[in-house]
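Undergrad: If you read the protein sequences in the order shown, they are chains A and B.
Once you know that position 58 of the first sequence is 58 in our numbering, the rest is easy, because the numbers rise by one and skip nothing.
Once you know that position 166 of the second sequence is 577 in our numbering, the rest is easy, because the numbers rise by one and skip nothing.
Errors might be hidden in some of the hints.
SDA-like mimics (lysine to any residue), calculated; alpha carbons at most 20 Å apart, straight line [as the list claims (entries may be wrong)]:
{"no.": "1", "chain 1": "A", "residue 1": "Lys315", "chain 2": "B", "residue 2": "Lys730"}
{"no.": "2", "chain 1": "A", "residue 1": "Lys26", "chain 2": "B", "residue 2": "His733"}
{"no.": "3", "chain 1": "A", "residue 1": "Lys28", "chain 2": "B", "residue 2": "Gln661"}
{"no.": "4", "chain 1": "B", "residue 1": "Lys726", "chain 2": "A", "residue 2": "Val327"}
{"no.": "5", "chain 1": "B", "residue 1": "Lys439", "chain 2": "A", "residue 2": "Val327"}
Hints were generated in silico from the structure; no laboratory data involved.
2 protein chains.
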Amino acid sequence: MSITTLKLGIFGFGCVGQGLHNVLSKTKGINATIEKICIKHPDKIRSLDAAYFTTDPSEILDNPEIDVVVELIDDSEAAYHIVKEALIKGKAVVSANKKLIAEHLEELLFLQSKHKTPLLYEGSVCGSIPVIRNLEEYYDNDLLSSVSGIFNGSTNYILSKMRNEGLDFDLALKEAQDKGFAESDPLLDVGGFDAKYKLCITLLHAFGLLVRPENVLNIGIQNLSDQDVNYATQNNQNIKLVVHGQKQGQHISAFVMPTFVSADNPLTNVHNEFNGILLESAFANQQFFGGKGAGSDPTGSAVLSDISALTYGYKYEYKKLHQNTLVSYSTQQLLEVYVRYQDKETVQWDAFQNISQRFESKAYSYVIGSIYLEQLLQEEWALNDRISIVLKSILDGEILEATNKEIHAAL
Amino acid sequence: MSITTLKLGIFGFGCVGQGLHNVLSKTKGINATIEKICIKHPDKIRSLDAAYFTTDPSEILDNPEIDVVVELIDDSEAAYHIVKEALIKGKAVVSANKKLIAEHLEELLFLQSKHKTPLLYEGSVCGSIPVIRNLEEYYDNDLLSSVSGIFNGSTNYILSKMRNEGLDFDLALKEAQDKGFAESDPLLDVGGFDAKYKLCITLLHAFGLLVRPENVLNIGIQNLSDQDVNYATQNNQNIKLVVHGQKQGQHISAFVMPTFVSADNPLTNVHNEFNGILLESAFANQQFFGGKGAGSDPTGSAVLSDISALTYGYKYEYKKLHQNTLVSYSTQQLLEVYVRYQDKETVQWDAFQNISQRFESKAYSYVIGSIYLEQLLQEEWALNDRISIVLKSILDGEILEATNKEIHAAL
């Protein structure tokens with residue numbers, strides 16, 4: 001067992017940074033000490049001795065004594081430059097910034113490889129749930145077929161409130177914001193962007209797939225109404241904002257979408273601000289991991305675990321990226337969706353492969369139909385705020401045939 | 412990345428062994444080939460070429476070409492001798508035999524250290540759920556405070572049937588046996604022994620504690636009746652057979668007992684033959700892992716993952732055992748329990764610290780009281796088949812005081 005005592009330079013001293021300091025001063029389990037903390041506002045009153053603090057990044061980045069840079073700031077652009085420079089200077093880096101990582105994955109891989117220094121980011125996906133490490137280390141064979149999950153706590157909180165307390169979307173969002181679960185720009189959460197960043201990172205470790213966030217569909221929950229929630233309840237289901245990554249042969253499809261979740265799906269029991277991930281593999285069947293996905297403590301826990309891993313020389317091997325050289329991203333995935341609309345004209349009907357159910361009333365109307373992911377990704381109408389779209393199921397060729405037959409029989 | 416192609420010698424060719432062969436022949440992800448398979452019955456018809464098979468253990472154990480011994484036989488005594496000899500001969504070993512491992516943990520640690528060769532046994536605890544690897548690698552700091560879980564699929568299946576379909580114990584047991592979920596000797600499952608072996612292994616990786624199975628209390632589910640199940644239902648709870656490991660300061664208490672599980676505990680959603688584990692740590696809050704705990708596929712998946720880990724030179728570091736040299740096993744843990752009885756004489760009343768509730772009727776009677784784990788472990792009456800005991804909560808000193816006060820006020 002080779003254990004090093006690491007010297008840390010921290011950027012940012014908010015809740016996570018302070019929690020990290022508390023834990024490191026208490027625990028004997030992790031051989032790491034904080035050398036310097038770079039902050040933005042030198043005038044704030046701090047709980048630590050002033051000697052710890054600096055406003056000059058170079059006091060960390062150019063200090064040869066510091067082995068590890070821990071990036072804990074809000075601004076993902078500034079964070080990107082810090083992480084990049086730290087890697088170039090040969091320092092190990094820990095970050096939980098999903099936007100930064102998802103948007104620069106390819107470059108960050110290159111920098112790690114070129115400068116032979118690790119970047120760990122367990123905290124970027126589902127907070128304290130050890131998603132990335134498990135995908136890297138435990139599911140490192142090619143039998144994984146599907147990853148799905150609830151990756152955003154604030155939308156899950158909102159949907160739980162809509163379902164269980166009958167709150168409408170705006171009230172539920174306000175409550176989430178009051179409790180501090182929502183990002184300052186709510187569209188990041190409710191529009192499914194935050195979940196999408198996490199999905200993109202997950203796809204790399206699950207399947208060896210690199211995909212840029214802008215190529216992945218995210219339909220958020222902002223257009224959902226109590227009509228949709230009632231429809232789900234009547235069908236004994238829950239609506240959850242679910243990330244999906246699905247492998248069929250060498251093709252991986254992926255997207256974020258409100259999804260009907262039935263009672264036998266473990267994701268249905270993920271309530272309020274909690275997160276959950278469901279893995280399906282040929283041999284291990286279903287595996288479910290649940291826990292707190294965001295907040296300073298869960299994120300701090302993941303950051304701490306990354307620091308601990310660095311003391312043992314751990315780095316991501318990206319085995320699946322190297323093994324699965326043939327996988328490719330595909331939007332040729334047929335989906336069965338529920339679409340609620342007010343005016344017929346807002347829906348682009350020729351985008352559908354078929355419609356199997358149609359309900360019309362004065363108050364609202366909906367259809368159940370099948371449509372290619374590609375179509376939803378291309379079309380503006382899918383994000384129209386007078387339409388809500390919820391996934392019913394991911395279809396494959398065979399299921400499509402059956403569905404077609406049933407439709408023809410029914411019509 | 413240093414990857415070796417491992418040569419495997421397998422003992423046993425039942426479902427797990429055959430599944431393993433299938434997967435290894437399909438996947439490119441794992442660099443391992445099967446060299447030889449040692450079996451007991453040479454006359455059985457096999458799906459593989461006869462050249463693979465031998466009935467002579469030395470053809471594997473004395474073959475210098477074979478790097479890894481995979482032990483997949485039923486008989487834990489025979490398995491022990493195979494594993495021991497393999498380690499002595501410097502071979503890496505993979506096993507999923509929880510009885511063998513729990514009963515010989517200390518010796519197996521010593522052998523690994525002396526002969527500098529790894530023994531991996533992820534499949535021994537909760538089948539495909541990556542419990543041990545996560546405890547080793549992810550929770551490797553001293554912040555973990557509690558581990559609890561449903562570690563036995565057949566008892567969970569029985570309890571699910573009793574609760575959801577109103578079956579009585581014997582019928583539910585028969586159904587579990589018919590479905591192949593129960594061990595041939597049902598007492599191993601229903602008496603909580605199987606769960607206890609897994610708990611002992613888990614305690615080592617969670618807290619660095621070595622404890623012999625015979626020193627750990629296991630109360631099974633064989634005495635539970637529909638009265639107990641109804642009591643739970645009325646209180647909006649479920650009865651589950653739960654393993655508990657709890658850290659207070661440097662003291663670890665541990666036991667297996669039927670437990671009232673409330674609706675907000677993720678273990679309540681572990682149904683039928685599934686397993687689940689719940690970790691509580693100061694920083695990460697609650698973490699839940701669920702999946703299939705037994706059966707050839709989930710076990711095979713864990714064995715496969717161990718083989719894969721060996722190709723990357725992985726071994727358990729037993730960090731917590733080395734770090735936490737002060738932890739000790741304690742039975743001085745106060746528990747709040749529900750005890751149902753038919754005759755007053757069968758309960759040893761002076762073993763209780765206090766009784767807070769008492770219900771008496773012609774059909775049955777019960778009390779709620781607090782009692783030290785030590786007392787339950789010592790006393791024969793706790794296993795009397797006319798008594799059923801279900802844990803309500805784990806108390807600590809402060810709670811005890813409050814309880815005492817409430818009782819005095821109430822009496």
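Undergrad: Checked against the structure, which of the hints given earlier come out wrong?
TA: Violated hint: only 4; rest satisfied.
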